[in-house]
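Based on these hints, arrange chain Z on the given structure of chain L.
Taken in sequence, the protein lines are chains L and Z. Under my numbering, think of the first position of the first sequence as 4, with each following residue one higher. Under my numbering, think of the first position of the second sequence as 797, with each following residue one higher.
Hints are computed from structural coordinates only; laboratory data are not their basis. For clarity, every value in this text was computed on a predicted model and none was experimentally measured. Some clues are possibly wrong.
Below 30 Å or equal to it, Euclidean Cα-Cα: the simulated DSBU-like pairs (lysine-lysine) are [stated by the list, open to error]:
#  : chain 1 : residue 1 : chain 2 : residue 2
1  : Z       : 1169      : Z       : 1116
2  : L       : 9         : Z       : 910
3  : Z       : 898       : L       : 43
4  : Z       : 893       : L       : 43
5  : L       : 106       : Z       : 910
6  : Z       : 1169      : Z       : 1183
7  : Z       : 949       : Z       : 1035
8  : Z       : 1183      : Z       : 1116
9  : Z       : 810       : L       : 36
10 : Z       : 898       : Z       : 1132
11 : Z       : 1343      : Z       : 1256
12 : Z       : 1176      : Z       : 1116
13 : Z       : 1024      : Z       : 1035
14 : Z       : 1256      : Z       : 1188
15 : L       : 105       : Z       : 893
16 : Z       : 1332      : Z       : 1256
17 : Z       : 1295      : Z       : 1343
18 : Z       : 1188      : Z       : 1116
19 : Z       : 1040      : Z       : 949
20 : L       : 36        : Z       : 910
21 : Z       : 1119      : Z       : 1256
22 : Z       : 1301      : Z       : 1332
23 : Z       : 910       : L       : 43
24 : Z       : 1132      : Z       : 1352
25 : L       : 105       : Z       : 910
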Amino acid sequence: MLTLDKLREYGADVDDGLARCMNMEGFYLDLIKSIMTDTKLDELEAALATNDLDAAFEAAHAMKGMYANLSLTPILDPILEMTELLRSRTDTDYSELLNEAKKQFSLLTELA
Amino acid sequence: MQELSRHNQNIRRKILVVDDELVNRRLLGFILGRDYDVIYAENGIEALDLIRNNERTLSLIMLDLLMPEMNGYELLEIIRNDANLKRIPVIVLTSEKSAEVKSLQLGAADFIPKPYDMPEVILARVQRLIELAEDNIIIHETETDDLTELYSKVFFFQYVKRHDRYYPDEQMDAVVLNVNRFHLINELYGRDTGDLVLRTLADCIRGLISDTNGLACRCESDSFYVYKPHSEDYDHIIKTFTDKLIEAIGFTNISIRCGIYSGVDISMNVEERFDTALVACSNLRGTYTSSFAYYDTDLHEKELFSERLVTEMDEALSQKQFKVFYQPKFDIRGDKPVLTSAEALIRWFHPELGMVSPGAFIPLFESNGLIQKLDQYVWKEAAVQIKAWKDKFGLVIPVSVNVSRVDICYPQLSEMLLDIVHSNGLEPNDYLLEITESAYTDNSSQIIDTVNKLRDLGFKVEMDDFGCGYSSLNMLAALPIDALKLDMRFIRNICENEKDRRMVKLMLDIAEFLGVPVIAEGVESKEQLDLLKQMKCDIIQGYYFSKPVAPDEFEKFIVDKKNSL
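Bound-form chain L, shown alone (with noise of 0.2 Å):
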């Protein structure tokens, strides 16, 4: 069952996260529950494939707000970084960067 402890050892920012929802942890909680069946990354990761680095950056950019705004501080490093090497178009390989982003999100789904 995802808690906030668990949260807090995965390297969320809580706090921060629980006081944009009014410190109403069942719903920063649901909130969280919510974004596990998020599909952006895969998203992400097919437009890196066909190197469409447009839908690439719509699909980081989403999910960069997302994530800040539930403060998930893992997750939201290597997407924030993808989404500015992204905005500027940078042809570059993202696999690491991909990969570190999807490791984070499994961990984040396992929480539950």
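Showing chain Z alone in chain L's frame:
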């Protein structure tokens, strides 16, 4: 303006949150949901539908920029270009610094960064923005006149004050413009034409003040106020405006009047400045051609003074500020002048203004009908005085009082006079009535009937100011009068001016023909007296014998008369 910031907190405002990410929508909805009704859209197209469906009730849009289908920028552009939608404020939700500038340029009112600020910050910004937007709407809806799109009066005055704060050294004119007989245009040609006149005039005014710091409003009906940089070309302005009006409505009998308070004194409050221009404009009322007039300080002060006199007359009557003075009339037919009667003349001793000249209040009260109250006051005082002298000296000194035009129309005039006389134990022939000649010519049949009735009751009637009216010889013959009183203007130069002397002779001949005595008033010198005596004038009144004096002082004339009997 205070009124506008009192926001009704009881109304639950509606906010649209537009974001393609469910988490972001839910989070904002959670923060806002306690105080607002929140509706949601995932993209620009969905948002636009919701905005149009909630056009009148939507208080705020919170808009993400990067979205599929239609992004936030596109939606902002549509909102900005839609006259109905652009009143709804938009807060952009963004994590990009560069996007903030672009969205503000596209008309966003504010932005909230992602990740979101603390809820309290968001709520405060949302509330503030809604208040500002509502103020804006109220201002927008009330600051201009629907018909002409010029400012409404209240806002106009505010903007004039603001102008003066920023440009205190700019020389400005306050101008009032009116359409002559505008109500008739409405009645004769219909309201559409009337509206066209007003809109055309408003366009002219807009053209006049464009590219200047000028301001204008429609004050009421056909009255426009303009605050504009000083100029001297009002002749040209009025002509141009009139030409444009004629061109717009297609008939030529339209004209405007324009009152100008030139180079205003900005220490005077704004409303007063336009009252001042209005005074100048009002003086043109009744003209049939386009015209303009500048405010004249002396004229305005005179008007203010008159207004004060009118306002304070009743109080002055009740406080007995009015005193009746008496000027003796002497019969000069014999060797020695003999006191025959007196004229009652009103004097106003004002506690603050001192003695108010009769020239300042009598014509004024004659013009507005208040003279009737004053006349009645004099009638009563004079009757009481005749009785007092009768009791004290055993002599009746008849006193003449003025009967004004307006008194003649008073149906109970003769009953009232009779009552005054009888209640003081007097007879009507102790009491002389002076009626100005011009009153006869105004409404001769009514006055002849009234005078006949008064004379039948025993009153003596003197025709006052004779020579200044326009009595025809024919009418004079039919006039029921007991004496003619020559206008003092003929007496003033009688010694020096041959023409005046001949006129007086002519009038004396008329009196002789009518078989009535002649009274000359305004006699100031021995030369005048001698000349009038030589010309067989009967009775003399004037400063040569005495100025009008208080009753106590008048008694010396009665004593002299009594001693000579």
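Which of the stated hints cannot be reconciled with the structure, identified by number in ascending sequence?
-> Number 10 - this is the single hint that the structure violates.
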